[in-house]
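Student: As a plain string of letters, each chain reads:
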Amino acid sequence: MDKVLEMRSVTKQFPRVLANDQVDFDLNYGEIHALVGENGSGKSTLMNILYGLHQSDGGEILVRGEKVGIREPRVAIDLRIGMVFQHFMLVEPLTVAENIILGSELRKGPFLDSKRAIQEAADLSRQYGLKIDPTAKIADLSVGLQQRVEILKALYRGAEILILDEPTAVLTPQEVEDLFEVLLALRAKGTSIVFITHKIKEVLAVSDRVSVLRRGKKIGTKATSETNEQDLAEMMVGRVVLLNVDKKPAQPGEDVLKIKKLSVKDQFGQLKVKDLDLNVRSGEVLGIAGVEGNGQSELVEAIAGLQKTAGGNIFLGDQEITDWSPLKVREAGFGLVPEDRHRRGLVLDYSVADNLILGLHGKKPFVQRGMFQNHKAIQKNAEELIEEYDIRPPVASQPAKSLSGGNQQKIVVGREFSQNPKLLICTQPTRGVDVGAIEFIHKQVIAQRDQGAAVLLVSAELDEILSLSDRIAVMYNGQIVSVMPVDEVTEHKLGFLMLGGREEDYEAGEVDGNAKQD
Amino acid sequence: MLSKIKQLRWQEIATPLAAVILALIIGAGFILYVGENPLAAYRILFMESLGSIRNLATTLQRATPLMFTGLAVAFSYRAGLFNIGAEGQLYIGAFAAAWVGFTFTGLPRLVHLPLAIIAGMIGGGLWGAIPGFLKAKLGIHEVINTIMLNFIALYLTDWLATGPFHGGSWVPETARISPTAALTRLYPPTRLSTGLYLALAAAFFAYLVLWKTKQGYELRAVGLNPQAAEYGGINVARNTVIAMAISGALAGLAGTEQILGLHQKFIVRFSADLGFMGVAVALLGKNHPVGVIFAAILFGALQTGSAAMDRLTSVPRELITIIQALIIFFVAAEYLIRRMLRMKEEA
Chain A
6 MDKVLEMRSV
16 TKQFPRVLAN
26 DQVDFDLNYG
36 EIHALVGENG
46 SGKSTLMNIL
56 YGLHQSDGGE
66 ILVRGEKVGI
76 REPRVAIDLR
86 IGMVFQHFML
96 VEPLTVAENI
106 ILGSELRKGP
116 FLDSKRAIQE
126 AADLSRQYGL
136 KIDPTAKIAD
146 LSVGLQQRVE
156 ILKALYRGAE
166 ILILDEPTAV
176 LTPQEVEDLF
186 EVLLALRAKG
196 TSIVFITHKI
206 KEVLAVSDRV
216 SVLRRGKKIG
226 TKATSETNEQ
236 DLAEMMVGRV
246 VLLNVDKKPA
256 QPGEDVLKIK
266 KLSVKDQFGQ
276 LKVKDLDLNV
286 RSGEVLGIAG
296 VEGNGQSELV
306 EAIAGLQKTA
316 GGNIFLGDQE
326 ITDWSPLKVR
336 EAGFGLVPED
346 RHRRGLVLDY
356 SVADNLILGL
366 HGKKPFVQRG
376 MFQNHKAIQK
386 NAEELIEEYD
396 IRPPVASQPA
406 KSLSGGNQQK
416 IVVGREFSQN
426 PKLLICTQPT
436 RGVDVGAIEF
446 IHKQVIAQRD
456 QGAAVLLVSA
466 ELDEILSLSD
476 RIAVMYNGQI
486 VSVMPVDEVT
496 EHKLGFLMLG
506 GREEDYEAGE
516 VDGNAKQD
Chain B
18 MLSKIKQLRW
28 QEIATPLAAV
38 ILALIIGAGF
48 ILYVGENPLA
58 AYRILFMESL
68 GSIRNLATTL
78 QRATPLMFTG
88 LAVAFSYRAG
98 LFNIGAEGQL
108 YIGAFAAAWV
118 GFTFTGLPRL
128 VHLPLAIIAG
138 MIGGGLWGAI
148 PGFLKAKLGI
158 HEVINTIMLN
168 FIALYLTDWL
178 ATGPFHGGSW
188 VPETARISPT
198 AALTRLYPPT
208 RLSTGLYLAL
218 AAAFFAYLVL
228 WKTKQGYELR
238 AVGLNPQAAE
248 YGGINVARNT
258 VIAMAISGAL
268 AGLAGTEQIL
278 GLHQKFIVRF
288 SADLGFMGVA
298 VALLGKNHPV
308 GVIFAAILFG
318 ALQTGSAAMD
328 RLTSVPRELI
338 TIIQALIIFF
348 VAAEYLIRRM
358 LRMKEEA
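Each protein sequence line maps, in turn, to chains A and B. Each residue of the first sequence is one higher than the one before, counting from 6 in our numbering. Each residue of the second sequence is one higher than the one before, counting from 18 in our numbering.
Just so you know, the hints here were simulated from the structure itself, not pulled from any lab data. Quick reminder that beta carbons are idealized off the backbone N, C-alpha and C, glycines included. Please note that the accuracy of each hint is not assured.
[Stated by the list, open to error] Partner residues aside, some chain B positions facing chain A, computed with beta carbon under 7 Å:
no.: 1; residue: W27
no.: 2; residue: V226
no.: 3; residue: K229
no.: 4; residue: K231
no.: 5; residue: G250
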């Protein structure tokens, strides 16, 4: 079979890292080739070289059998290579059609030929089966649809090789499904696709072949049908990885968190949590499943004291903590892994050591004589936690911003978990974190549970919710619509409820589903 | 790893240093343009500002208020606040110190002088706390409020010194302060006073608070990432007020030193932008107390030397203002300089 693209022993040296070390990569006509690896393994670098954003220090690139030098993206576009980035490059106030034609505007005299632009965008969307309204404003579109516009933009420029850099990182589970359908449709039309990801499930779901990078080196290329989850995880991490969380049945105790008729408004005054009731017992993990934006963030921030409530009560143990200050809630035995570690969880310019005391900085032994910081104790604390939580590189004085995402998250997790809080809330604890670190964080969550903590887990990853939780609560439109033990849950049922389906309707429909399976 | 940290420190110093050198080189072009020898002019500039103990004393005397205002700006900046109100806080502090100085008589020096200093600190501190409070409670940006409060402070002290507390002479100034409230002159006939010690102590205090106390940890966290600070149980509003109050107190001390050390009375509009110069000093000193000390001395030296250069050559003293402006320009253009340094490294 002819190859549309071949990269031969491509090498890229950055000031301190060898990002690509003699990497070979090829792409067949009309295939989806997944490129996987942990953060910092060199996947994006390799594709940036192909798109002309970086220059390689060695190796060669062949497109349709011809050797090419790609000095800049313009050259890549002329070679019919298109790239969709994680962060979209769209002009928000403009329409879909205007964005698609941007850079090669159709003119009628001195004016923009809007009619033809809309027509061409509509034709393109029909041709590839990517449904979209060409007259909609980008700002009004969901993230998933914005991504679709990015893909259309690349296709409009004639892309036959399409590179997608971690396209699913920003999508909800439903949008991921939609994206996969789009990719399969594009493949059917003959487009060759490079799909960068670090999520193994996605590789298995959509790709034809998969190449694994680790620390800049290519570990191997396999046909997707000849590999499996365990195999890929080991190739990525370089050691045996436990994908399924090993845990004993929960031994739940009494209610630690009790929420009664809680209402919370967001910063724009919109009611995001509506008369919500929930309880979490000690020694159990309660997972909240839900499409992002259904009030999970506001719920968590209200418990943490970071957002004022608009009604209702929150109890931690026997104490009512409604609208307490964040410090008081913490001191009552609360720990939080926030959903956005850069925004909330870390002071990126602070050292690892200083970040490891954030929130505990006013407590003994970190303060002495009432006001002075005890640098010895801070250093000792850092050394202990770096060791225990395997934070790399193990340097307490390094600024947190210089660590990888997974290690940054370990700082947050180490700090919060080491306090052995009565109530522990973990929101998106493994977002943007490598396979190896995910395994570690999951183990720690279960360890906290087994020590008697009440754990509230909020995650957009259904797998994570399903594998860690003892009970699952589905949140939709600011309310908990269902709470069920994990063994009564199927992914299918969760998906149905998360999208606003009613439990009764599902029970009615499920009988049919079971009958078919039997 | 250690070499990396050293490299960082070096980079911190490299930018301001490069900025000064570049500014002097461009300044040399101006000197050539007016037909003088740049090396000779700079020699005079150097000798007349640092070349003898007497000149050094004058330089330090001019640097002292800049140390205070530089520290004021740097301190608030570390907490993420841009205090452009040092000028106003300076005037209020100065008047408060002067008032204690000329109102109370017959107090022993050991009581009177500290009392006047504390009054100056409180005056400036309260004036600084106002925009801090407005920001914390109402979210009004401190830059707007500190600018506005500068005008209020200026006209308020104008009125106080020409109206209710007018000294009675034909000049717009108050009565002289009692000698018991005056700072001691260190090296007469220069007017360098023990205010210098006060400034060094203030720098040490600022360093201690920012990097060695829980309060400093909180202030800097608020400055770097207020949302993470809030999550960590830090009261952002309270820290905003504290940062502005301490910053204002430091600026107030600048005014206090000028009154108790230099003028010995409150003269209307005596400051001539000492507060605004503090912004430049803080910028050049990279918002670090030690950097601020050196930046203030540099600016003091340039001012001292410029008078002599003006006298002894045909280079106008305004050149020094240009050089100061260029220094600030280049520090602000740090990115550009870093690139030039890196290019040199690679070459």
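Student: Hints first: check each against the structure and report whether it holds.
Tutor: Against the structure, the hints come out as follows:
1. A hinted interface residue such as W27 of chain B counts as satisfied when its beta carbon comes closer than 7 Å to some beta carbon of chain A; here the least separation is about 17 Å, so the hint is violated.
2. The interface hint given for V226 of chain B is broken, as the beta carbon of that residue sits about 9 Å from the closest beta carbon of chain A, more than 7 Å.
3. A hinted interface residue such as K229 of chain B counts as satisfied when its beta carbon comes closer than 7 Å to some beta carbon of chain A; here the least separation is about 6 Å, so the hint holds.
4. Interface hint at K231 of chain B: satisfied, since its Cβ lies 5 Å from the closest Cβ of chain A, which is below the 7 Å cut-off.
5. The criterion of a C-beta within 7 Å of any C-beta in chain A is met by G250 of chain B, whose closest approach is roughly 3 Å, and the hint holds.
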